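Number of protein chains: 2
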Amino acid sequence: MAITAASSDARAKLLSAGMRLIRTHGFTATTVDELCDDARVTKGAFFHHFVSKEAFGVAAAEHWSLTTGALFARAQYHAASDPLDRVLAYIDLRRALLRGAIADFTCVAGTMVQDTWESSPAIRAACDASISEHAQTLEADIAAAKRKYGIAGAWSASSLALHTQAVLQGAFVLAKAKGDAAVAIDSVDHLRRYIELLFKPATLKTGRTRMDKGRRRMKR
Amino acid sequence: MAITAASSDARAKLLSAGMRLIRTHGFTATTVDELCDDARVTKGAFFHHFVSKEAFGVAAAEHWSLTTGALFARAQYHAASDPLDRVLAYIDLRRALLRGAIADFTCVAGTMVQDTWESSPAIRAACDASISEHAQTLEADIAAAKRKYGIAGAWSASSLALHTQAVLQGAFVLAKAKGDAAVAIDSVDHLRRYIELLFKPATLKTGRTRMDKGRRRMKR
DNA sequence: GCATACATACCAACTAGTTGGTATGTTGCT
DNA sequence: AGCAACATACCAACTAGTTGGTATGTATGC
Chain A
25 MAITAASSDA RAKLLSAGMR LIRTHGFTAT TVDELCDDAR VTKGAFFHHF
75 VSKEAFGVAA AEHWSLTTGA LFARAQYHAA SDPLDRVLAY IDLRRALLRG
125 AIADFTCVAG TMVQDTWESS PAIRAACDAS ISEHAQTLEA DIAAAKRKYG
175 IAGAWSASSL ALHTQAVLQG AFVLAKAKGD AAVAIDSVDH LRRYIELLFK
225 PATLKTGRTR MDKGRRRMKR
Chain B
25 MAITAASSDA RAKLLSAGMR LIRTHGFTAT TVDELCDDAR VTKGAFFHHF
75 VSKEAFGVAA AEHWSLTTGA LFARAQYHAA SDPLDRVLAY IDLRRALLRG
125 AIADFTCVAG TMVQDTWESS PAIRAACDAS ISEHAQTLEA DIAAAKRKYG
175 IAGAWSASSL ALHTQAVLQG AFVLAKAKGD AAVAIDSVDH LRRYIELLFK
225 PATLKTGRTR MDKGRRRMKR
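So the protein lines, in turn, are chains A and B. Just so you know, the first sequence maps onto residues 25 to 244 in the working numbering. Just so you know, the second sequence maps onto residues 25 to 244 in the working numbering.
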């Protein structure tokens, strides 16, 4: 797929418009016309770059994976030497991102999978890959923390990594229902507290005190 | 809204069809024709009972609230004398319900709000009411448990009640993405462990041992 | 004789996708 | 260098089918 000089301005603009529109209306409710209007591109250009609306959906999930993957890869939370600190710093970053309009912080893959999981196996798989691969970037740090602090709970690093994503996805749903990010922030705070508690006995032995570090506003 | 003698067989059939269809396709992707076909009712009947598709959505959220409200009201988890036991029994019930087809255990309100929160304030509000009122039925037990065990965490009973709903909603999203309920069960297990840990110091003082009670399969 | 609970037939607007075209490269041969 | 052959990126207008919604009719019970 040699990328030529002006390799499709239109494709990039459509994907960018897709991120916005899918997050606000979901995938099914986002029409091809709407996508084209928003991207200031014609329908011909749309079907030149994507053989169908479904193919666009798959490309949108992959685009989401790439852009968010790059964002998190270059974030500073990897800097901490302690693996548990890296996990907690990730949670703090996710909490800090819950700002501005709801459509600006919610997850394209999570939103899209809700109205496509039954009708489009291809989109479902692409969304699953996006979410699961992102979770996997956490898994190594969680596993390292378990090893370092000798935690032998009945839970696996991978299940905890996926749980963080479940909490975030659920927090987005509640934020949409309430039209307010506050409830999502509260939920992420509960998630942070959970991880602190999971590692608390071990870190106390080691003489660490991390509790309430990074804690901010707690409403109600 | 006086309920007349044979108060609309059609209305009930449409709402029942709506529960199924909204859970599988979402609200926007569910068409009025599909609803009518599934309920074996004509379009005339649909618009006789609901002034618009949006009004049907609001009615669907209210119907969901009523039916699930009744289900949980008559469940036995209220029986335990200890409030913490009641909260954990609720979690166990939610875990036990994660069986069969995905569309059979997911939440109508949570699914519907995802593709309507931006376009329909009325449906958004109805879904919020459904989720928030359900969370409130947990709040009293959580508050009682906090009081009984003298827990003074930086979290409120209401925020924890909403957090349980966020975890469940997120678990549904991941289950849809993976096409498998296992990931949702794992997440609910993490939620149960969190609540156990929140109350652990206090219950140990009191001589309770609840840990790992009710624990079942833990995959991976 | 009049309201309620439907049924049938229909419509204007919108839907994803198609068609046939153009403008601008890029490549390979001489 | 120069030109034919082809590829890419796009566009405007169209189509076949679907959408939520309506207009009008009818059957039944009080």
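Hints were generated in silico from the structure; no laboratory data involved. The structure displayed is predicted, hence computed values, not measured ones. Built from N, CA and C at the ideal position, the CB exists for glycine as well. Honestly, I wouldn't trust all of these hints.
[To be verified] Here are some chain A residues pointing at chain B (derived, C-beta under 10 Å):
#  : residue
1  : Val-75
2  : Ala-79
3  : Gly-124
4  : Ala-127
5  : Phe-129
6  : Cys-131
7  : Ser-154
8  : Ser-180
9  : Lys-200
10 : Asp-210
Results of checking the hints against the structure:
{"no.": "1", "hint": "Val-75", "result": "21 Å, violated"}
{"no.": "2", "hint": "Ala-79", "result": "18 Å, violated"}
{"no.": "3", "hint": "Gly-124", "result": "15 Å, violated"}
{"no.": "4", "hint": "Ala-127", "result": "7 Å, holds"}
{"no.": "5", "hint": "Phe-129", "result": "14 Å, violated"}
{"no.": "6", "hint": "Cys-131", "result": "9 Å, holds"}
{"no.": "7", "hint": "Ser-154", "result": "9 Å, holds"}
{"no.": "8", "hint": "Ser-180", "result": "4 Å, holds"}
{"no.": "9", "hint": "Lys-200", "result": "4 Å, holds"}
{"no.": "10", "hint": "Asp-210", "result": "4 Å, holds"}
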